[in-house]
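Asker: Here is what each chain is made of, one letter per residue.
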Amino acid sequence: MKTLEQLSLTGQALSHTFRESRAGRLWTPWLVLGVLQGAVLLALLGFAHPLLAWAVAPVVRAIGGEPALHYPGFYRALPFLYSRVDLVMGAIVGAVATGWSTRLFAARWRREALTAGGAWSEIAPRALTLVLAQLPFQLLVLLFTGLVDRALAGQGGLVQRLGYFATLGGVVGMQALFLYLPALIVLERRGLWRALAGLPRAWARGFWAALLLGLVALLPLLPLYGLGQRSGLLVDRGTPELVGWVTAIQMLVALTVSFLLAGCSTLVYLGAVADQPGEEE
Amino acid sequence: MSVHARPSARGRGQVAALLGLALLVSGCGDARFWARWRAERGAWRAQRAVERIEINPLLAGAGDWARADAACRSVVTSFPAEAWSARVRAGDVMAFDVLEASGRAALSRARLEVLHDRREAAVAGYDRARRDYAAVPTVSLGAAVARANLLAGWGRAAEAEAAWSEIARDYPAVDPRTGTIFEAVLDASVLVARDRRARGDGTGADSVLRSAEAACLLLLPARRGLPAAPGLWVRVSEARSARGDAAGARLALRQALAEPAAAPLAAWLVLRLAAQALESALPDTALVYADWAARDFGGAQRPAALLVAAQAWRARGVPDSALQTYEWIVQEDSGDLDKAAEARFGRARLLEDLGRWDQARGEYHALVSAVPTHPLAFESMMRVVRHHLGRGERILGLTEARHALAALDALIASQQDDGVQVRAGETRARLLFETEDIRGGCGALAALLRRYPEAALDAGFLMRAGEEAEKRLNDTDLALELYRAGAARAVAPELRRQARAAVDRMAGPPR
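Chain order of the listed sequences is A and B. Here the working numbering is used: the first residue of the first sequence is 1, the next is one more, and so on. Here the working numbering is used: the first residue of the second sequence is 1001, the next is one more, and so on.
Worth flagging that the hints you see were computed from the coordinates, not collected in a lab. In this text the structure is predicted, and so the values were computed from the model without any measurement. Glycine included, C-beta positions come from ideal geometry on N, C-alpha and C. One should not assume that every hint holds.
Derived DEER-like restraints, expressed as beta-carbon distance ranges [claimed, not checked]: (1) Ala1083/B x Ala166/A: 53 to 63 angstroms; (2) Leu233/A x Leu1354/B: 49 to 59 angstroms; (3) Leu233/A x Thr1180/B: 19 to 29 angstroms.
Covered stretches of chain A, as calculated for chain B (at least 3 residues, CB under 8 angstroms) [unchecked claim]: (4) 135-141; (5) 207-218.
Turn these sequences into a full structure, and let the hints guide you.
Answerer: Written as structure tokens, this is what we have:
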């Protein structure tokens, strides 16, 4: 499929996914992930409470250091704390939720009658494959952002800004490379190695669509990430608790973006990447 | 699930017991984290509430005051100093943080009393915090310093001196927990010495300064190469300088300069060396250091360095070089208005001393035009008028005074800044006195005092105005008003005594 056709298909996929976002069933995987993420955020926010301190305080200290255990230093560290915990949760629960959502969206686009429970029972045996297949992406993102951060340490002004955009570009690019993996595992019922081997075909047929989707998904997250990075300013201005709310809103927006990304990528996959009847791999 | 598979009541009890044991072992129920979190949160909120009032206490409503007071009180009562000090003594590390937060709230509460202008309550609050939180040196010392500053600010010099003496005597110079140097403890000795010298107790002052110097020298060996070392040498230098040991003071500054961590202070140290050499009548040495400071440390330091160089040239008896150096400062236009004003004023003074009055007057006028709100511009106006009147050139003097008064009136009408209004108003009153308009001068001062009751006016000038009002105008009320203002502002003990005596004399016996 030509680049222009891919981009046009992306626009249609976005429009269709938006229209289907009223279907509650499609939200089930993200609701489950959201409840877990909410519980984790609440646990972090209440880390000092005697019921939680024994378990959560060591985690806070390990990630944020001693200042994160104090008020209001904790709120300065909260976006970083949550992002680190969420990274682990995204790699495990998030990967499974993406597969589950892909199956539900595929049923929707194919006009199949499939309940959330039915989709779960289909993808549950592939949960480990989904987690392991997404792991290289998570590790690459972690490695890439870590390397850029280290390279930019001590730099300022324009270099810092360019580095920030380079990080975003790199993450979007990597996401585009791995975007169709859940569909390959869930819809083509491939194992780990066969799914990874199927990626070059997916790139050839839908890379530009994946890249555009990644860019569109990034837009609503940018201002919230910017706000999260200025948590120190929110604390200094006298409203530390606001950082908690910003993190919660960031979490909800990220969930919505993940929902849209799963719906769109499934539709693009079905329309451009998957073998059409009569085609062979 | 079959009936047999369900856990029995005994089984459930065992599971609960095991869970409880696991939680107990892992520390569940340890409320120290929670206590620390609540104390820190409460102290932080209390501090913010007080800071909000501090922006402008006049705009704060009754609700703001009540909320701030309640926030402070809540922390202090929820985490009482006595109970948490006992825990600190028992070795509980987290209790120290709780006690520190509680102490911060106590300090905020005392600060609230200051903002309320309830002086005795504020002093008592700081005194209480100083005693109650003795286990937390930062809080206790903070309270002691705030109390001493309050007493000094309110003119209770003897009590302030006693407070500074206590600080120098009772607190360690170094935080035993963190190793940080307590600057306030080292400053306290210098302040005590200054007060003793002002009282005429030079021997006592020198003794205090010697102990301050010894304390710094004691701390230095362990801090060689560390960021604190240059600062300690500067304190040694200040103590020696205050004792009149100029050579020792310069030696200490050179030691500071030799420290590896001196780079951020280097420009200031070289400039200070130049200034001290000048004060010690060593203009050649001053010139060398000033040249170094002007040449090697970038633009910011240059005008100040050139100013010292100009003074050194003058002290060496080379006025042409001094005039040229002043000229460079003005022409280089570094953006430092203070230094440019000082250069113009210094050049004018030198020209005046050289007998080149026409050029000097031109410089004074140029200064008034260039920076009309600068204190030296007001001083320039006075010097021009005084020069002519002093030489018997009354018409020229009165003409200059008329121009200056018109310029001051325009400034008072156009400037909103209170500081400028006060300085311009005081200069206006002085000019009226110079031109023998005693009623106008006294009236201008009285009007200024009514508009700015807390204005920092010259106590000696107020006393002179009071005498003129009493003796030449026979206006008792006006004289009493001016004497009272003088008494409230006099710092020197003799002037204060005279002012109080004048007030007592004018007010008459109590009815």
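Asker: Please go over all the hints and tell whether each is borne out by the structure.
Answerer: Right, here's what the structure says about each hint:
1. Judged by the Cβ atoms, the range 53 to 63 angstroms given for Ala1083/B and Ala166/A holds: they are separated by roughly 55 angstroms.
2. Roughly 57 angstroms separates the CB atoms of Leu233/A and Leu1354/B, a value that falls within the hinted 49 to 59 angstroms.
3. Taking the beta carbon of each, Leu233/A and Thr1180/B are about 27 angstroms apart, inside 19 to 29 angstroms as hinted.
4. Evaluation of the coverage hint for the segment 135-141 of chain A: breached, as 0 residues show C-beta separations to chain B shorter than 8 angstroms, against a requirement of three.
5. Counting residues of the segment 207-218 of chain A whose CB lies closer than 8 angstroms to any CB of chain B gives 0, so the stated coverage by that chain is violated, three being the minimum.
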